[in-house]
Amino acid sequence: GENVEQHPSTLSVQEGDSAVIKCTYSDSASNYFPWYKQELGKGPQLIIDIRSNVGEKKDQRIAVTLNKTAKHFSLHITETQPEDSAVYFCAAHRRGTYKYIFGTGTRLKVLA
Amino acid sequence: NAGVTQTPKFRVLKTGQSMTLLCAQDMNHEYMYWYRQDPGMGLRLIHYSVGEGTTAKGEVPDGYNVSRLKKQNFLLGLESAAPSQTSVYFCASSPLFSGTPSSYNEQFFGPGTRLTVL
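Chains as they are written, first to last, in our numbering: chain A, 1 to 112; chain B, 1 to 118.
Hints are computed from structural coordinates only; laboratory data are not their basis.
Quick caveat: nothing in here was measured; it's all calculated off a predicted structure.
Hints are supplied without guarantee of correctness; some may be wrong.
As the list claims (entries may be wrong) - Here are the simulated SDA-like cross-link-like pairs (lysine to any residue), alpha carbons at most 20 Å apart as the crow flies:
(1) B:K57 with A:Q45
(2) A:K42 with B:K57
(3) B:K9 with A:Q45
(4) A:K42 with B:R68
(5) A:K37 with B:K57
(6) B:K9 with A:Q38
(7) A:K99 with B:G51
(8) B:K57 with A:Q38
(9) A:K37 with B:F108
(10) A:K99 with B:K9
(11) A:K42 with B:F10
(12) A:K37 with B:E106
(13) B:K71 with A:G96
(14) A:K42 with B:P111
(15) A:K99 with B:M41
(16) A:K37 with B:M41
(17) A:K109 with B:T7
(18) A:K42 with B:V50
(19) A:K99 with B:R68
(20) A:K42 with B:G40
(21) A:K99 with B:R11
(22) A:K42 with B:G3
As the list claims (entries may be wrong) - Quick look at which bits of chain B chain A covers, simulated, 3 or more residues with Cβ under 8 Å:
(23) 28-41
(24) 68-76
Said to hold, decoys possible - Some chain B residues near chain A, calculated using beta-carbon distances under 8 Å:
(25) A82
(26) T86
(27) F90
(28) F97
(29) F108
(30) F109
Cβ coordinates follow ideal geometry from the N, Cα and C atoms, glycine included.
Given the sequences, and given the hints that come with them, work out the whole structure.
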């Protein structure tokens, strides 16, 4: 069935370093790929998304890249800060449908 | 706008008890969802609704029922709670896809309900 694999499950980086989280999706019809940040005790919050007609998107310190051929997409966080510590989820979605397929999450720890 | 709200935030039940979780959204979204989140398993879809008066089963619907009597509300019921239903429950909503090239149905989440069944 449809699934999204997300790696790594945990990631520790030093403050100021970069962090990269990778996802691979199985449904080639997926065309919308959001990333969510979930802080402790809170719901997932959309932080950035990418659509299948775009290869890269940036928003300040975060960026997302998409390789449709390989069915990979990645989240890049530069100059990490302690407040970036959270669980990050990727998802794949086919526009016009109800279904979102989520990765299993990456716990990012930024060490001061 | 409050976005997506959930009540209650926390609840402890005994096995066999029943309860209803309430989700409300003020964004006029057509789609609403209930997920459960368990350690290491990400978000799993319980039930969803594509509009007022409609509901459908998701990935893990057993032991749950839902209702969408009003567009802004989506209720999740547990008729006879079991310890396996101990989890964090998230509600989400998304707009209807309009069909235009720039339209995407982004999903927005509530703050969650932490349920413990003893």
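These are the hints, each one checked on the structure:
1. For a cut-off of 20 Å, the pair hint linking K57 of chain B to Q45 of chain A is broken: about 24 Å separates their Cα positions.
2. Taking the CA atoms of K42 of chain A and K57 of chain B, the gap is near 25 Å; set against the 20 Å cutoff, the hint is violated.
3. Restraint check: the Cα-Cα separation between K9 of chain B and Q45 of chain A comes to about 17 Å, which is no more than 20 Å; the hinted pair holds.
4. For the hint pairing K42 of chain A with R68 of chain B, the CA-to-CA distance comes to about 24 Å; that exceeds 20 Å, so the pair is violated.
5. Of the supplied pair hints, the one linking K37 of chain A and K57 of chain B is violated, its CA atoms being roughly 26 Å apart against a limit of 20 Å.
6. A hinted pair counts as satisfied when its Cα atoms are at most 20 Å apart, and K9 of chain B with Q38 of chain A qualifies at roughly 16 Å.
7. Restraint check for K99 of chain A and G51 of chain B: satisfied, since their Cα atoms lie roughly 14 Å apart, inside the 20 Å limit.
8. Among the hinted pairs, K57 of chain B with Q38 of chain A is inconsistent with the structure: their alpha-carbon atoms are about 25 Å apart, more than 20 Å.
9. For the suggested pair K37 of chain A and F108 of chain B, the alpha carbons sit about 12 Å apart, so the restraint of at most 20 Å is met.
10. In summary, the hint linking K99 of chain A to K9 of chain B is not supported, as the alpha carbons are separated by about 25 Å, beyond the 20 Å threshold.
11. Restraint check: the Cα-Cα separation between K42 of chain A and F10 of chain B comes to about 12 Å, which is no more than 20 Å; the hinted pair holds.
12. Restraint check for K37 of chain A and E106 of chain B: the C-alpha separation of about 14 Å stays at or below 20 Å, so the hint holds.
13. Pair hint K71 of chain B plus G96 of chain A holds up; C-alpha atoms about 19 Å apart against a cutoff of 20 Å.
14. Distance hint between K42 of chain A and P111 of chain B is fulfilled; the C-alpha atoms sit about 5 Å from each other, no more than 20 Å.
15. The straight-line distance between the Cα atoms of K99 of chain A and M41 of chain B is roughly 17 Å, inside the 20 Å bound, and the hint therefore holds.
16. In summary, the hint linking K37 of chain A to M41 of chain B is supported, as the alpha carbons are separated by about 16 Å, within the 20 Å threshold.
17. Taking the CA atoms of K109 of chain A and T7 of chain B, the gap is near 30 Å; set against the 20 Å cutoff, the hint is violated.
18. Taken as a hint, the K42 of chain A and V50 of chain B pair is broken in the structure, with Cα atoms around 25 Å apart against an allowance of 20 Å.
19. Distance hint between K99 of chain A and R68 of chain B is fulfilled; the C-alpha atoms sit about 18 Å from each other, no more than 20 Å.
20. The hinted pair formed by K42 of chain A and G40 of chain B meets the criterion: a straight-line CA distance of about 17 Å does not exceed 20 Å.
21. At most 20 Å may separate the alpha-carbon atoms for a hinted pair to count; K99 of chain A and R11 of chain B exceed this at roughly 28 Å.
22. Restraint check for K42 of chain A and G3 of chain B: the C-alpha separation of about 14 Å stays at or below 20 Å, so the hint holds.
23. Here the stretch 28-41 of chain B counts 4 residues with a CB under 8 Å from a CB of chain A, which clears the bar of 3, and the coverage holds.
24. With 0 residues having a Cβ less than 8 Å from any Cβ of chain A, the stretch 68-76 of chain B misses the three-residue criterion, and the hint is violated.
25. Restraint check, A82 of chain B versus chain A: the minimum CB separation of about 23 Å is more than 8 Å; hint violated.
26. Because the beta carbon of T86 of chain B sits about 16 Å from the nearest beta carbon in chain A, more than 8 Å, this interface hint is broken.
27. A distance limit of 8 Å between C-beta atoms decides the matter here; for F90 of chain B the minimum to chain A is near 6 Å, and the interface restraint holds.
28. Given hint, F97 of chain B at the interface with chain A, holds; its Cβ is 4 Å from that chain's nearest Cβ, closer than 8 Å.
29. Restraint check, F108 of chain B versus chain A: the minimum CB separation of about 7 Å is within 8 Å; hint holds.
30. A distance limit of 8 Å between C-beta atoms decides the matter here; for F109 of chain B the minimum to chain A is near 4 Å, and the interface restraint holds.
Checked against the numbered hints above, the structure violates hints 1, 2, 4, 5, 8, 10, 17, 18, 21, 24, 25 and 26; every other hint is satisfied.
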